[in-house]
Structures are given as C-alpha cells and as structure tokens.
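Asker: Once you've looked at the hints, dock chain U with the ligand against the given chain P.
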Amino acid sequence: MSGTADLEMKEHHLTTPATAEDLAKLELGDVVYFDGLVFTGRIGLYKKLFDEKAPPPVDIASLTNVTFHCSPAVGKNEAGEWEVAAVTATASFRFEKHLPLLLDGHGVRCVIGKGGMAQQFYEDHFKRLGAVFLNTVGYGIGAQYGRGITGVRDVYWLDELGIAQAMWVFEVKDFGPFLVECDARGNSLYQMALAETNVELGKLYEGLPLPTLKRMGEVHNPEDEVF
Amino acid sequence: MPTMETHAISSELIREVAFELNRRAAIGIPKDVGDSIADMAERETQKLSKFVLLEIVNNYKVAVDEQRPMCADTGLPRFYAKIGNDAAIEGGFVALERSVRQGTADATERVPLRPNRVHPITRHDYNNNVGIHAPTVDYSWEPDVDWIELTSFHKGGLFGGDYRMLFPTDGIDGIKRFFLDVISEFFKRGLSCQPAIVGIGIGGTKDTCVRLAKEAACLRVVGDRNPDPEIGKLEEDLNDLGRRTSLGPMGFKGEGAVMDTHIEVAYTHTGGMPISIHHQCFALRRATARIHPDGRVEYRENPLWFTDYYRRDSVA
Ligand code: SF4
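Sequence order for the protein chains is P and U. Residue 250, in the numbering used here, is where the first sequence stops; the numbers in between run on with no holes. Residue 416, in the numbering used here, is where the second sequence stops; the numbers in between run on with no holes.
Cβ pair distances, simulated, as ranges:
no.	chain 1	residue 1	chain 2	residue 2	range
1	U	Asp337	P	Asp247	23 to 29 angstroms
2	U	Lys131	P	Asp82	46 to 52 angstroms
3	P	Asp74	U	Phe267	43 to 49 angstroms
4	U	Val164	P	Val222	36 to 42 angstroms
5	U	Lys306	P	Ala77	42 to 48 angstroms
6	P	Gly128	U	Lys131	47 to 53 angstroms
No farther apart than 30 angstroms at their CA atoms in a straight line, the calculated lysine-lysine pairs in the DSSO-like style are these:
no.	chain 1	residue 1	chain 2	residue 2
7	U	Lys333	P	Lys226
8	U	Lys161	P	Lys33
9	P	Lys33	U	Lys147
10	U	Lys276	P	Lys237
11	P	Lys196	U	Lys147
12	P	Lys33	P	Lys196
13	P	Lys237	U	Lys333
14	U	Lys276	P	Lys226
15	P	Lys237	U	Lys306
16	U	Lys131	U	Lys161
To be clear, the hints were calculated from the coordinates, so they are not data collected in a lab. Predicted model, so just to flag it, every value in this text is computed and none were measured. Heads up, the beta-carbon is just placed ideally off N, CA and C, and yes, glycines get one too.
With the rest of the complex left out, here is chain U:
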C-alpha cells in the first residue's frame, strides 16, 4: 500500500483518546450495568439487600451529577487494543504504548484518578499510575480493517478471583462447584462488592485461562450470550445457580447478586480442564473508542472485544 504513511494514525491523537477514555471510564456507569442494578433493586424483596441496591443506584447518580468518581478506589487503569490488520500507527507500536502511558499519566493528574500503582515490594509510587508493566496493554487483531480500537478499563478490587485445575472427569459439576466455591468465598460479607459480573475462563493454559476469565468479566456487556449454544446455556444455568445462593449485595440474604455470567473457552491439554473465575464489581469502569486513519474517533460503551475472529477455531 503506497499511501500507508499518509494514512498512519497519529500518536498524538492516540494520547488524547487514551486520556479521554480514562476520563469517561472514571465517572459514568455503562448503561448495561446501570440498568441491571436498577432492575435488581426493583425486584429485590429483602429489605437490607434492597436498601443496599437502592444506595448503589443513587451513588451512580451522585457520581454523574457531581462529577465525582463513583468509587474512591479508582482502580488500576489498563488498556485493551484491537488492531486492524490494515492499520498503520505513526511511530509504530512503541509510539502507541508511549501514547497510552502518557494519556494515563495525564488523566491521573487532570481527571484526577487516585495514583494506585506502586512497586510491589518497595511500594514506590510515581503518582501517575505508570510503572513496570503498568498500565498493561493487551492486544488482539482484526482482519480487513484499517482502524484501531482502545478500551480503557479501571480495575478495582483485591478479592473475587480464583483458579483451579479441574480434570475432564470433574465435568460440568466441577465447574458448578467451583462457581459456588468462589461465590462462597467472596460474596459473603460482600468482599467482591457484588452485584458482580462473573467471568469464567475454561481451558487453555493457566495464564490464558486467567486472562480469559478477566476479559469475560470486563469486556462483555450484561445480557450478552456466548454464541456457542452449549456455552450460552451454561451461562444461563450458572446465572440461575447464582440467584439461588441467596447471597445478595454485601452478602445479605436476597435474590442473588450475579449481574451476568460470561464464559470464554480455549482449547486445552487433553488431560485437563483448567478454570478461572473473576468477579467484576458494580463500580464497573470502561470506555471504548475506534480511531480511524482519517482522524475520526467514535466513542462507545460496548468493547465488542470478542469478535468472531478472536474466537476462531480454524487454521484460517
């Protein structure tokens, strides 16, 4: 393509978009999550749980009306980048990563975000949410397009994640039991800050499995079903199981506190069935933008991270 140079996406634009995505993520609640919690609040019959849900709904409103962070744990900002196969970036991927880091440092100072990123041992803090492997940028690719997409996600919470090596003999019951174990561990006393989206990664290797669980929790909207009918059905069965635990918001008795369950799978070792679960709290902060080579930027709420290509199972 001879015009490649002139159509490269500007790194200055990427920096601006990275800033703006951090700003949007920090304050507004995506509609799918806001609606889901409002629905739960309306349906809930137990008074403690209902009280908590109504306060959560009210808090979203206060955050937007007064431009306050919805939760003071403004989380760890991170990025997901989907790169069109025909896209070109001015300065290449190194420039993209620099722009994303700069956009995050800018946002920390000017939104502001709480400087949450510290060195794990010395606890040193640059006060800008930037450091070693921070913010992380995860990549996926998309054929036949020339845009790039960035999703900013501010990940709060220290609780609500776990991993287990299951075996084929453990089967669906093994998955259900693990689903219940993690709820039992982290919904009691509300440590997951539920209502939560439960992301589940099944298969792959340990690292892939954990990564998929987090992506499933963070990058699919409430109500989205996995296109594989069998997996979609399992998502619904687990939603039902979540309701029947009676563990509501803060762990009080209620109609459950699973906003939705999202499962992603990866082909795995013939002998095993690794599984990982991730609970995403109700302070869900994300925003996505598509950046075109002509400089147009389209912002939206749905990351649309799991494309057919990303989930492909063939050689092609």
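Isolated chain P, as found in the complex:
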C-alpha cells in the first residue's frame, strides 16, 4: 500500500448536491471546497428524526446531499439576520447509530466531520452508497469555515434543540478546506496514517514496563484506538 507521502492532495471545487461522478473522483487526502448548501446535524437532530420519528421539517434530499457534524458560533447582525462567525466539527464516531438512517433515508452522500469513523462502518455504509467522509482540518480552524458561510438559508427546531443542536441550512461559497478521509470505495486515510504512525509509536514502548496498578479495560496496546 502506498503511504501518505505519495498522496497527490488534489484540490476540488464541488457544487451541491455533489454528483456521483464528482464523488467517485475524490481520492484520499484530496482537498475539497463546496459551493451551494450544507446542513448541520448532530445528536439532537438525530434523536428527533430517528428516535422520536418526527417528520423532517424540510425535504432534506431536495436541498442538498452534504451534511456537517457541527454547531456554529452564531449571532444576529443589526438587520436581524443570522451571521455565522465560526463553525467547528464535532467528533463523528458518536453518530454511528443514526448516520446510516440519514444516508439511506435522506440521500446524504457527503458527511463532513471530525476524526473519521471505523473502517467497518465505511465498508458497510459508505462503500455501498458511493458516499464520502470528509474531515475538517485541524480541527479547530473555525474562523476559516465561518468565512465560507455566506448566509443562513434556514434553521429548524431552534427553540426545541437550541443553537448547538438545531438543524442549520447554510449557504456556502468556497467552503473548505476539507480532507477526503473515506473515498467512495470505502478506503480510509486514517487507516493509512495509523499504519505509518503505529510503527514509530510501537518502538517507543519497547522496554517500558506496564504500570504496577492496572485498571480494567485500560489501554496498554499502543495499536488500540479509543473507539
């Protein structure tokens, strides 16, 4: 397998909804920017849609196929319009339970988030649908992402869910950069990266004894991950 040093990191500017051809072209480590519409969602929205089975406030599939795991730092300007100052992703692996429902039921094909998801999850869901997972960069480069949000098209369930958990629909322009973490074929950039860093990390553990007091379930194997 080639390493991260060989990645081309090509830049793509996609218009939403992203087509299947657009997504098939994306390779691991490529850099993506969006023009169009992106909607936000995290646990508050998913609980409402999928646990409480509330009817969606809008036909998601007709809006866009790009979602973002995040909550914005947002305020109203003097004209009373929403202005998004900054936006930062929240860790995506917590949404394994609900994400397939969003992909299958609402046509979502690009998930923007933080940290990526498990390889098996990509194989079970992303590969089958030709969907991609894009990582925000850093992760905390919220000001740059805020700059890419030119307006708020709508916000749903604001009163019930609050600013952080509501469903925001952003109008975006040159919204990025995002890194391709899982391509439409289910490959993962993090699997590639971990294979490289685990070698170095493993060497540093050589000769270091286990702690005297172990705790149940404590991580001792440097190749393990926390999720």
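Answerer: For chain U with the ligand alone, coordinates are given in the frame of chain P:
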C-alpha cells in the same frame, strides 16, 4: 491599615475587566502559541501534516483580521484569580465572584461567545455561560502586594485528559509510559486537536494532581521550564519523546505535535505517585490583567500563575 477602605478595588472595575478578558481571550492567539505553531509548520516535512499546520496558522490570521472566534467551540470560560495579601476588594470576595459572573454573562451576549454551559443532566442552558460552579474561579495568593490578577481561560475540548495512580516503583519509566498512552489515545485521529501543550501534574492527591495538570497546560507559556532542574530536564525529555511518536497534527505522520510539556509537582502520600495529564489544544484562549487599587489595569498574555510563593516547599 487605616486607608484600606479608600483603596479597595472596585467591583464595577472587576466586572469590566472580566468582560474585556473574555473578549481578548476569544479572538487573539497568544504570541507564544502562534509562534510555536508557525515554527512547526516551517520545520514539518510531511506534506499532510504541513498542510494542516499551515491552515492552522492561516486560521489564526483570519480570526484576528475578521474578528471571528478562532474555533467555534468557544470553550468553557473560567477564571484564575491571584490575590495580593494586601489587596482589598470593595464588597469582598462575594462581590468579586459576582463581578466575574456578570462579566462572563455580558461577554457571552456581546462578544459573542457560544453559550456552552448546560446542566449536566437536564441539559438546561441559561445561554450566558453561567450556572452551578460556572464559571469556576480558582484562587492563589501572593505576599506583599496590593493588586489582584485575573486570568480568563476558555477551555475547549472533551478529549485529551487522563489520570493514573502510579507507585514509586513505576518511576520515570511509568511517567513516560503514561505520557505515551495518553498521546496514543488522543493524538490518533487528532482528537486532542494537537499541536497541544501537555500539562502534567505529579503527586498531591487525586484532585490536586488533576488540577495541577490543567494549570500546567493552560497557565504556562510555551518555552517556559520548571525552575527545578530535574523537572525541567524531564520536561525536555518528554518533548523529545513526543516528537519521536511521529504523531503530528490530526494524527498524520509528522515531526510530532507537542508544543511543549509542562510539569508541576505536589508532595504526595509516601506510598504513591499519582499522575494526571492534560492536553491543551492549539485554539488556546487566555488573557491576564493586573488590577491595581488606584484603578490602573495592565493587560498581558503571560498569566505568571506559578510564582515562587505558589510553588513554595517550606513552612513560611
Ligand atoms: S479541542 Fe480546541 S481546537 Fe478542537 S474543537 Fe475544541 S476548542 Fe476547537
């Protein structure tokens, strides 16, 4: 001191300073951290890691130029107060705490900050970052001065902290292993939002140890060494170990992502060596002010929290 009353520090001033500290913390990046990341970006040779570091540097610039929060997780505002032994506060400490709470509520509305503080069970949110034990104010004291100092820190992040009860037999190797374990847990996939400052508390009781780790991560500037030469040396050794993990920003292969390691110690139970580690992300938001009784306010970036007195080991 007969003039005590007339020289009391005004609580209205404390409220203004608390607001201003929150504002300064939210937007600007302290120079020590900005320079450290820019250096890393220049040295990095792996292209993915270099790309990430350059975007972080660029983001600091966008934040300042356009007056945007650098990260949308504007964190949990909290305060550290260093109180001069000869200082007097109008209305006393209760007034100080009220002023700090009011200054935080004001800042949440007017900077604005994201209202991040919720009740842990009901998830109720007053939308002002104020609540039970929020914002916390931690105190330390300073002899022979009549000023007070406030540091505002906006603490983001849910990952990158851990605690372990080590024993004297675990020794320095035990510390190294724990340092690596926490990096292994949280630098992979970039969950700590590294480059990070690694704060380590060793000794004390469990609560002291965890508190010191956080203070070490948040309240000492990059490049600062613990004055105890042995501890200073351990900080440098761990910096080196951090580089050799090859875990860079976002967990991509690179020259490591430890901006600096800061260790603080406390005398502990003769049988144990508790240790806690805290990773402070690159969206490091802090600001400090010294408030004098005559109403002068001096703002600065370095909290200078760990004074000789704070680290004293004698009866006096
Ligand atoms: S850990 Fe820091 S950089 Fe990352 S999202 Fe939280 S506040 Fe932002």
